[in-house]
Amino acid sequence: MADRPMRLVLIGDGESVHLLKWALALAAQPRVDLWAVSSRGFLPAFDAVVPSERRLALGHATRHGGGNVAVLRQLPRVARWLQQVDADWLHAHYLTSHGTLAWLARWGWRLRARIAGSAWGSDILVTPQRSAALRWLTTRVLRACALCTSDSAHMGQRMHELGAGEVMVFPFGLDELPPPAGPKDVALFYANRALEPLYRPERVIETFASLARDWPEARLVVAHDGSLAAALRVQARACGLSVGDLEQGARVQFTGRLDAVQQARWYSRAQWYLSLPASDSTSVSVLESLAHGCIPLLSDLPANRELVRHGDNGLIVAEGTPIRRADLQGLAARAGAIAQTNRQWVAQHGLFAPCVATFLARLRQIQDARLA
Numbered sequence: 023m024a025d026r027p028m029r030l031v032l033i034g035d036g037e038s039v040h041l042l043k044w045a046l047a048l049a050a051q052p053r054v055d056l057w058a059v060s061s062r063g064f065l066p067a068f069d070a071v072v073p074s075e076r077r078l079a080l081g082h083a084t085r086h087g088g089g090n091v092a093v094l095r096q097l098p099r100v101a102r103w104l105q106q107v108d109a110d111w112l113h114a115h116y117l118t119s120h121g122t123l124a125w126l127a128r129w130g131w132r133l134r135a136r137i138a139g140s141a142w143g144s145d146i147l148v149t150p151q152r153s154a155a156l157r158w159l160t161t162r163v164l165r166a167c168a169l170c171t172s173d174s175a176h177m178g179q180r181m182h183e184l185g186a187g188e189v190m191v192f193p194f195g196l197d198e199l200p201p202p203a204g205p206k207d208v209a210l211f212y213a214n215r216a217l218e219p220l221y222r223p224e225r226v227i228e229t230f231a232s233l234a235r236d237w238p239e240a241r242l243v244v245a246h247d248g249s250l251a252a253a254l255r256v257q258a259r260a261c262g263l264s265v266g267d268l269e270q271g272a273r274v275q276f277t278g279r280l281d282a283v284q285q286a287r288w289y290s291r292a293q294w295y296l297s298l299p300a301s302d303s304t305s306v307s308v309l310e311s312l313a314h315g316c317i318p319l320l321s322d323l324p325a326n327r328e329l330v331r332h333g334d335n336g337l338i339v340a341e342g343t344p345i346r347r348a349d350l351q352g353l354a355a356r357a358g359a360i361a362q363t364n365r366q367w368v369a370q371h372g373l374f375a376p377c378v379a380t381f382l383a384r385l386r387q388i389q390d391a392r393l394a
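Just so you know, we're using my numbering here: the sequence shown kicks off at 23 and counts up by one.
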């Protein structure tokens with residue numbers, strides 16, 4: 023049994039780069055026969071990973087916040103397709119939509135496949151709180167999973183509380199470790215979360231403005247885009263911060279969306295990394311900052327405290343508490359050692375491929391135990 027390829031069907035949003043990342047990682051592992059169902063379409067990059075004859079696109083505009091009843095109307099079509107595939111595993115991503123689809127298909131059509139469920143964040147931390155019905159649904163789906171994955175211990179514990187059995191915890195990590203960073207700009211701060219309310223970029227501006235008052239050399243680069251982009255420029259100027267090109271003497275530079283190479287350049291240059299969202303699990307951006315030797319300044323969230331020991335390898339920024347330059351001096355004095363420690367942690371725990379290999383090995387163990 024161990025030598026037979028494992029037939030695994032990804033069920034999720036094929037237009038998401040996150041599902042594509044899972045597909046790439048799974049396809050790179052030996053003895054995996056990969057198929058995929060998407061509630062919408064598929065990114066073009068899927069063509070090189072999962073052939074079109076092994077994919078089913080439902081064409082629905084999935085909303086992760088809920089309202090996905092239309093997806094369930096596709097259940098008979100999905101179930102009949104899964105009957106033909108005859109998979110060993112259905113691997114559902116985002117449990118309150120795609121997990122429900124996998125559970126109902128397996129139960130209603132008596133599929134032999136077992137379910138592995140990967141939580142993405144709000145499906146566990148937000149959706150079950152919205153109503154008793156959604157909490158019941160989340161619990162039912164979790165109990166239907168032979169194995170679940172979570173990218174933080176905090177979310178994993180919440181999954182257990184909601185009824186999950188076995189939960190593997192590993193970050194949605196990096197594809198590879200970047201080269202070690204060269205000399206850092208000790209007064210450069212970098213932020214690159216989406217400029218949307220969830221990520222509270224206005225708090226990033228406030229925090230930097232507090233630091234900049236007694237640190238004339240301090241500068242901030244804000245990458246990414248979003249609905250708050252224009253308002254943030256107004257806010258920065260209202261805080262007395264010049265906005266423009268850092269090379270021209272500005273204190274804050276907004277770059278817009280950057281590609282991976284451009285991101286790596288800023289990570290490599292910046293001494294400090296700012297990420298202050300209202301809710302988050304383990305962030306890939308934070309892992310990238312650690313791998314590039316940045317010192318993270320993060321909001322006070324359980325997942326962040328799994329990565330940062332306050333005052334040791336970064337700073338947890340308490341709600342409503344401004345930080346000053348003096349608050350960073352101890353970290354700045356140990357910047358080289360902190361960079362090495364953070365990078366080593368990512369090398370040991372934050373690379374995605376080894377985690378996916380361990381995940382597949384556990385699926386095989388469960389599968390073999392069932393057939394024994």
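No lab work stands behind these hints: they were computed from the structure.
Treat the hints loosely; a few may be bogus.
[Unchecked claim] If you anchor each label on the Cβ, the simulated ranges turn out as follows: (1) Val148 <-> Ala50: 29 to 35 Å; (2) Arg132 <-> Pro344: 56 to 62 Å; (3) Arg386 <-> Gly204: 41 to 47 Å; (4) Gln105 <-> Arg53: 33 to 39 Å; (5) Ala67 <-> Leu94: 25 to 31 Å; (6) Arg102 <-> Asp281: 29 to 35 Å; (7) Glu224 <-> Ala282: 24 to 30 Å; (8) Pro324 <-> Gly248: 20 to 26 Å.
[As the list claims (entries may be wrong)] With a straight-line cut-off of 20 Å between C-alpha atoms, the simulated SDA-like cross-links for lysine to any residue are: (9) Lys206 <-> Leu254; (10) Lys206 <-> Lys43; (11) Lys43 <-> Asn335; (12) Lys206 <-> Trp237; (13) Lys206 <-> Leu373.
All values reported here derive from a predicted model rather than from experimental measurement.
Even glycine gets a Cβ: it sits at the ideal position worked out from N, Cα and C.
Evaluated hints:
1. Val148 <-> Ala50: 29 to 35 Å: holds, 32 Å
2. Arg132 <-> Pro344: 56 to 62 Å: Roughly 60 Å apart at Cβ, these two residues keep to the hinted range, so it holds.
3. Arg386 <-> Gly204: 41 to 47 Å: holds, 42 Å
4. Gln105 <-> Arg53: 33 to 39 Å: Since Gln105 and Arg53 have Cβ atoms about 23 Å apart, the given range 33 to 39 Å is violated.
5. Ala67 <-> Leu94: 25 to 31 Å: holds, 28 Å
6. Arg102 <-> Asp281: 29 to 35 Å: violated, 41 Å
7. Glu224 <-> Ala282: 24 to 30 Å: Given about 26 Å between the Cβ atoms, the range holds.
8. Pro324 <-> Gly248: 20 to 26 Å: Roughly 25 Å apart at Cβ, these two residues keep to the hinted range, so it holds.
9. Lys206 <-> Leu254: Given that 20 Å is the threshold and the Cα spacing comes to 26 Å, the pair is violated.
10. Lys206 <-> Lys43: violated, 30 Å
11. Lys43 <-> Asn335: violated, 28 Å
12. Lys206 <-> Trp237: holds, 17 Å
13. Lys206 <-> Leu373: Between Lys206 and Leu373 the Cα gap is close to 24 Å, so the pair fails against 20 Å, i.e. violated.
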